[in-house]
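Enquirer: Read off the chains here:
Protein chains: 2
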Amino acid sequence: MQYHLNGFRSGDPELSGPQDGPQPDAPAAALPAEVDVLIVGSGPTGLTLAAQLAAFPGITTRIIEQKTGPLRLGQADGIACRTMEMFEAFGFCEKVLKEAYWVNETTFWRPDAARPGAILRSGRIQDTEDGLSEFPHVILNQARVHDFFLDTLRKAPAGLIPDYDRQVTGLSIETAPPGGGAAPSHPVTVTVAWGDPEAGGTTETVRARYVIGCDGARSVVRKAIGRELHGEAANQAWGVMDVLVVTDFPDIRLKTAIHSATEGSLLIIPREGGYLVRLYIELDKLNENERVASRNLTVDYLIVAAQRILRPYTLAVKEVAWWSVYDIGQRLCDRFDDVADADTGLPRVFIAGDACHTHSPKAGQGMNMSMQDSFSLGWKLASVLQGRASAAILRTYSQERHAIAQELIDFDRELAKMFSARPKEADDPDGEGIDPAEFQKYFVQHGRFTAGTATRYRPSLITGTDSHQALATGFPVGMRFHSAPVVRLADARPLQLGHVVKADGRWRLFAFADAAVPTAPGSRLRALCDFLAAASQSPLRRYTPAGADIDTVIDVRAVLQQPHRQLALDGLPAVLLPRKGKYGLIDYEKAFCPDLSGRGDIFDLRGIDRARGCMVLVRPDQYIAHVLPLDAADALCAFFDGFMLSPA
Amino acid sequence: MQYHLNGFRSGDPELSGPQDGPQPDAPAAALPAEVDVLIVGSGPTGLTLAAQLAAFPGITTRIIEQKTGPLRLGQADGIACRTMEMFEAFGFCEKVLKEAYWVNETTFWRPDAARPGAILRSGRIQDTEDGLSEFPHVILNQARVHDFFLDTLRKAPAGLIPDYDRQVTGLSIETAPPGGGAAPSHPVTVTVAWGDPEAGGTTETVRARYVIGCDGARSVVRKAIGRELHGEAANQAWGVMDVLVVTDFPDIRLKTAIHSATEGSLLIIPREGGYLVRLYIELDKLNENERVASRNLTVDYLIVAAQRILRPYTLAVKEVAWWSVYDIGQRLCDRFDDVADADTGLPRVFIAGDACHTHSPKAGQGMNMSMQDSFSLGWKLASVLQGRASAAILRTYSQERHAIAQELIDFDRELAKMFSARPKEADDPDGEGIDPAEFQKYFVQHGRFTAGTATRYRPSLITGTDSHQALATGFPVGMRFHSAPVVRLADARPLQLGHVVKADGRWRLFAFADAAVPTAPGSRLRALCDFLAAASQSPLRRYTPAGADIDTVIDVRAVLQQPHRQLALDGLPAVLLPRKGKYGLIDYEKAFCPDLSGRGDIFDLRGIDRARGCMVLVRPDQYIAHVLPLDAADALCAFFDGFMLSPA
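Chain order of the listed sequences is S and B.
All residue numbers for the first sequence refer to the numbering used here, where the first residue is 1 and numbers rise by one.
All residue numbers for the second sequence refer to the numbering used here, where the first residue is 1 and numbers rise by one.
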């Protein structure tokens, strides 16, 4: 953490405002007439977006939520490695690591051919492959994730809490007047019902520059912009329950998939705290057009079903913390915004999370996918609202996230089918059903997908092509910046390079040095740094607002090849020792060296060309926008010039 | 973290009380007439003690503090590895890791023989040797440590906040009436002035079972029990300042000791947040009986002195967050409690921290030493107050901590001398002064001492002898339990074994298995576990209160030798799968295996006898009380029988 730049201040460094000043503890009495952004829904999707926008004091955001207060008990619980990386950027991953269950291994059980009616363990795998992420896959009640986001929001530069007990009743978008008048600044008008109408509730009207529907599968915002979820009807019913149990099943503290011979399938997800466990239980096939709700299933029915599947092991349920039955299919919206023409329209209303894609919960993807939606949208909105980027970048939101949602839907459909299929008889390999070994193999193959690290955005205004990918084979363009260990030059501190990418809306330019030391005359790194600091066409000079620190918009970091004790701090180019803040203090956290203590040299781990070095440009949402040669400053300029705006 | 044992509850699992119930946010209106423990002073010493006692809902504690509110700006900043281990036990090490500066390397500078008046770097070392602790040495403002303790106190089972604006004005101890009547239950009477006496302040009287003076170098409690600090007068003046600077000195972000040729010495301690730095500056020798305060030194004087020492480098001070001049010598009390006869008396009043030992701040030991004082005292007081242990164990507090304080005083005297000595001339190795290489060597040699990991308590009622030390050479009896990586059997989670030792007043018995699997007929581990579970003389059976979970007083954990995938959970002895809480749920966190992924096998790392295994008994303050053979259950019983009390 960096703080005290503009003077020492005592107290919690995460708290942006004055320590004893007013904090946004109580909901505002009424919504303002105008806001920059109105977020509808305070689930993980809405909170991620709000946390991103609250990082900017100049942006006015409100979150409205129809519930009367913060969530106490959530349904989602899976937190993928990729999401942990995002939580790190938002500053609370350590809280999640502390409270959560860590998914370390997954086991697979199948019918025991020797003992009819019994199950036996057929496989055991590491849940996440080595080196996939510096974070584990964890499980934690969604309500705690909300708590951490709410805490982040409270402490943010634009401190914020949701406005509860408010429901959207209408939404309209004003277009530019025909004949070419100026477009309205706040074109979206939303009417909101506040409180119980029977008890004197009122209606408020808010005009917003942008509105984002994070309001779930029954999204009012989605309906208001005329979008629909399309997809298959679900005809497989599942039950889910969070329970405190006593069992002699030996894998009760491991993620476990069980295919019984005749009683169906069961998925065990151990939960946080060491005792709680979530069970997903396969129920009957539904008839066409039948909904599971019509069957009036009870929790006792679920318990008995789980007990049958687990035989010969016993299962005594001592407490049910939460349970549900569901028949959700896979459904998807065509587009995630309000524009008719994807190439020319400038969106004003967006939908994210369950509002635009729904699927089964078994792959643990729902909450993760939804938060990544709004992590992708947040910085784009902020850049446009700050006047730093063209509104055209907002088109990439639907493009990027629709493609990823489609992949999830396809994956989920296949996974759900495999879960529900009967296991093959061991003595009839050609018979119907699924071979448990196949199921396990599928799990392993899709490990990167479920970890959230397989996402790859296609080339666009904000993502380059892979024409120089050979310079950094371990940093694929369009994929998330895969962190690796380094040592910080100035203070010899070992850390994860990826953790300098905070959710602060900034672009990061990682300059991986060529083999020369930076003081050598032929150093390409120095030439690049000198260009960035001095050239009139340098994006740092073009796009940094007057008077702002030089790393405000684009944050340049260098990774050198030499061991840190062999390099002199005073030999660094000036752009790597920038003077900042009201005192012109030196920021010493821009230069890094490989960690040679055994954790792996980042140049080897990520396949960096040691002779030539390279630039790896990272978007504010941690995705790699470009890999370029160190001497391709012109290409770097051209990339930024494609969508960045010079300060007014 | 383990939670949800007695039923699922939503919200912050660190919060013990009901989430929405009354929290101790405001000071009590008045002090109660009687308390179990009265702590005087809310510095790190008092807060550590309070945090320990607040873990027990049955113990009534109050902290009184003469300041009018929490500390905003502290003077101490060094946090040793050992202290981080303790913070882990109290549950907030991750917050410190996040905010603090990490001391990774230390550099040494000496006069440059080639350039008179200039300095050059003469050495660079790793600050903490590899493997010394799983935690780094860090630097953080003492006020933040207070904040974390205060947060812990608020959330604790006996939620507590200090009572501010209160000053002790009198203390008396009532002894048992002559002729043999019953001793009073609350023998210490303390009078407390509350608020400003000019503005209608009042006086309160509190009777306490125990009173602890954590009230600093001018301790009122110390004076009340007639103890005095003895030691040498200081005649060397130093200045210290926390500053925001601009400098071209390349090691400004490294801990650095500088000996200049003629301008004196300077110690640089980089601080949290990336910009702040603390400078300790040698000032003139004082005359006999002179105090530094009499010289009216200004901060500008300190700045100029620092600038001279740093030549040829420049130093521009942009802001002074705090500064001071001091001439503290090394002083120590004879005893840290009120008893006259160390062998027979039962202490009722204790002193801890600066109240019983003072020394220079340069080794960064003050806050650490003080917190370890009260960490040592806290569990002893709690055990006695709960009726679990004989009051005789309270005598060990002064015995143990006085010896450690004496070691610190001796170390500090030598270090201070070396700091103040002039560096030897490079061309006159036999001349006066200190060779900078010697100074560096001294630093390295005493690294374990300054890390706080060299503390070794002597044999006593609560610490055994080292007669079986050969069974676990890496767990020396009397020293802190040195954590090592393991994998938890039930959920395959990699973790640090030492992190199961929480600050909850419990004893931990780590049973390191012999080579046999626990299901084998000859398993010594199983024989021990069966004894502990069933034998009438088992300390678990003798000392666990009726109706309490079996691990309430002594928590048995096993470390097996086999890889975790080779062992079956259902083959464990019952004491390693205990049934707990109102539902009789199974605690799955008692059995561990070596981490074979490259972090090191704990049996190798800690020199455990693989053929025989052993017991390592750990005190509630993380110190090793005993190493015993697995079949020495009788010796284990005898050890506990020496001071434990059966429940009434």
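You may find that some hints are simply not true.
No copy is singled out in the list; a pair is fine if it fits within one copy or between any two copies.
Stated by the list, open to error - Restricting the straight-line Cα-Cα distance to at most 25 Å, the calculated cross-link-like pairs of lysine to any residue (SDA-like) are:
(1) Lys318 <-> Pro578
(2) Lys580 <-> Thr314
(3) Lys98 <-> Asp587
(4) Lys67 <-> Gly607
(5) Lys424 <-> Leu385
(6) Lys582 <-> Ala321
(7) Lys580 <-> Val320
(8) Lys98 <-> Gln496
(9) Lys582 <-> Thr473
(10) Lys441 <-> Leu567
(11) Lys67 <-> Ala158
(12) Lys582 <-> Arg422
(13) Lys155 <-> Leu15
(14) Lys67 <-> Asp151
(15) Lys318 <-> Leu15
(16) Lys582 <-> Ala648
(17) Lys582 <-> Arg72
(18) Lys582 <-> Tyr313
(19) Lys417 <-> Leu267
(20) Lys502 <-> Leu577
(21) Lys67 <-> Ala143
(22) Lys98 <-> His499
(23) Lys580 <-> Gly117
(24) Lys362 <-> Arg295
The set of hints was computed from the structure by calculation and includes no laboratory data.
Enquirer: Give a verdict on every hint.
Expert: Checked hints:
1. In this homomeric assembly, Lys318 and Pro578 come within 25 Å of each other (Cα to Cα) only across copies, at 16 Å, whereas the closest approach inside a single copy is 60 Å.
2. Taking the shortest Cα distances, Lys580 and Thr314 sit within 25 Å of each other only across copies (18 Å), while inside one copy they are farther apart (64 Å).
3. Taking identical chains as interchangeable, the C-alpha atoms of Lys98 and Asp587 lie at most 25 Å apart only when they sit on different chains, with a minimum of 18 Å there against 31 Å within one chain.
4. In the homo-oligomer, the alpha carbons of Lys67 and Gly607 never lie at most 25 Å apart, since the shortest distance is 49 Å inside one protomer and 58 Å across protomers.
5. Taking the shortest Cα distances, Lys424 and Leu385 never come within 25 Å of each other, neither inside one copy (57 Å) nor across copies (63 Å).
6. With identical chains, the CA atoms of Lys582 and Ala321 are at most 25 Å apart between copies only, with a shortest distance of 15 Å across copies and 53 Å within one.
7. Taking the shortest alpha-carbon separations for Lys580 and Val320, only the inter-copy value of 18 Å comes in at or below 25 Å, while the best intra-copy value is 55 Å.
8. For a Cα distance limit of 25 Å, the shortest separation of Lys98 from Gln496 qualifies both inside one copy, at 19 Å, and across copies, at 13 Å.
9. Taking CA atoms no more than 25 Å apart as the test, Lys582 paired with Thr473 passes in neither setting, with 40 Å inside one copy and 55 Å between copies.
10. Proximity of Lys441 to Leu567 under the C-alpha cut-off of 25 Å is restricted to the inter-copy arrangement: shortest distance 24 Å between copies versus 47 Å within a copy.
11. Taking the shortest alpha-carbon separations for Lys67 and Ala158, only the intra-copy value of 23 Å comes in at or below 25 Å, while the best inter-copy value is 33 Å.
12. With identical chains, the CA atoms of Lys582 and Arg422 are never at most 25 Å apart, being 68 Å at best within one copy and 39 Å at best between copies.
13. For the homomeric pair Lys155 and Leu15, the shortest alpha-carbon distances inside one copy (4 Å) and between copies (20 Å) are both at most 25 Å.
14. In this assembly of identical chains, the alpha carbons of Lys67 and Asp151 lie at most 25 Å apart only when taken from the same copy (18 Å versus 29 Å across copies).
15. With identical chains, the CA atoms of Lys318 and Leu15 are at most 25 Å apart between copies only, with a shortest distance of 23 Å across copies and 42 Å within one.
16. Taking the closest pair of Cα atoms, Lys582 and Ala648 come within 25 Å of each other only inside a single copy of the chain (22 Å); across copies the shortest separation is 66 Å, beyond that limit.
17. Within a single copy, Lys582 and Arg72 get their C-alpha atoms only as close as 43 Å, which misses the 25 Å cut-off; across copies the closest is 23 Å, which meets it.
18. Within a single copy, Lys582 and Tyr313 get their C-alpha atoms only as close as 67 Å, which misses the 25 Å cut-off; across copies the closest is 23 Å, which meets it.
19. When the C-alpha separation of Lys417 and Leu267 is checked against a cutoff of 25 Å, the pair qualifies only within one copy, where the shortest distance is 14 Å, while the shortest distance between copies is 67 Å.
20. Taking the shortest alpha-carbon separations for Lys502 and Leu577, only the intra-copy value of 19 Å comes in at or below 25 Å, while the best inter-copy value is 42 Å.
21. Within a single copy, Lys67 and Ala143 get their C-alpha atoms as close as 13 Å, which meets the 25 Å cut-off; across copies the closest is 38 Å, which misses it.
22. Proximity of Lys98 to His499 under the C-alpha cut-off of 25 Å is found in both arrangements, the shortest distances being 18 Å within a copy and 12 Å between copies.
23. For the identical chains of this complex, Lys580 and Gly117 are neighbours neither inside a copy (70 Å) nor across copies (31 Å), given an alpha-carbon limit of 25 Å.
24. In the homo-oligomer, the alpha carbons of Lys362 and Arg295 lie at most 25 Å apart inside one protomer (22 Å), although the nearest pairing across protomers, at 73 Å, exceeds that limit.
Hint compliance for this structure: hints 4, 5, 9, 12, 23 are not met, and every other hint is.
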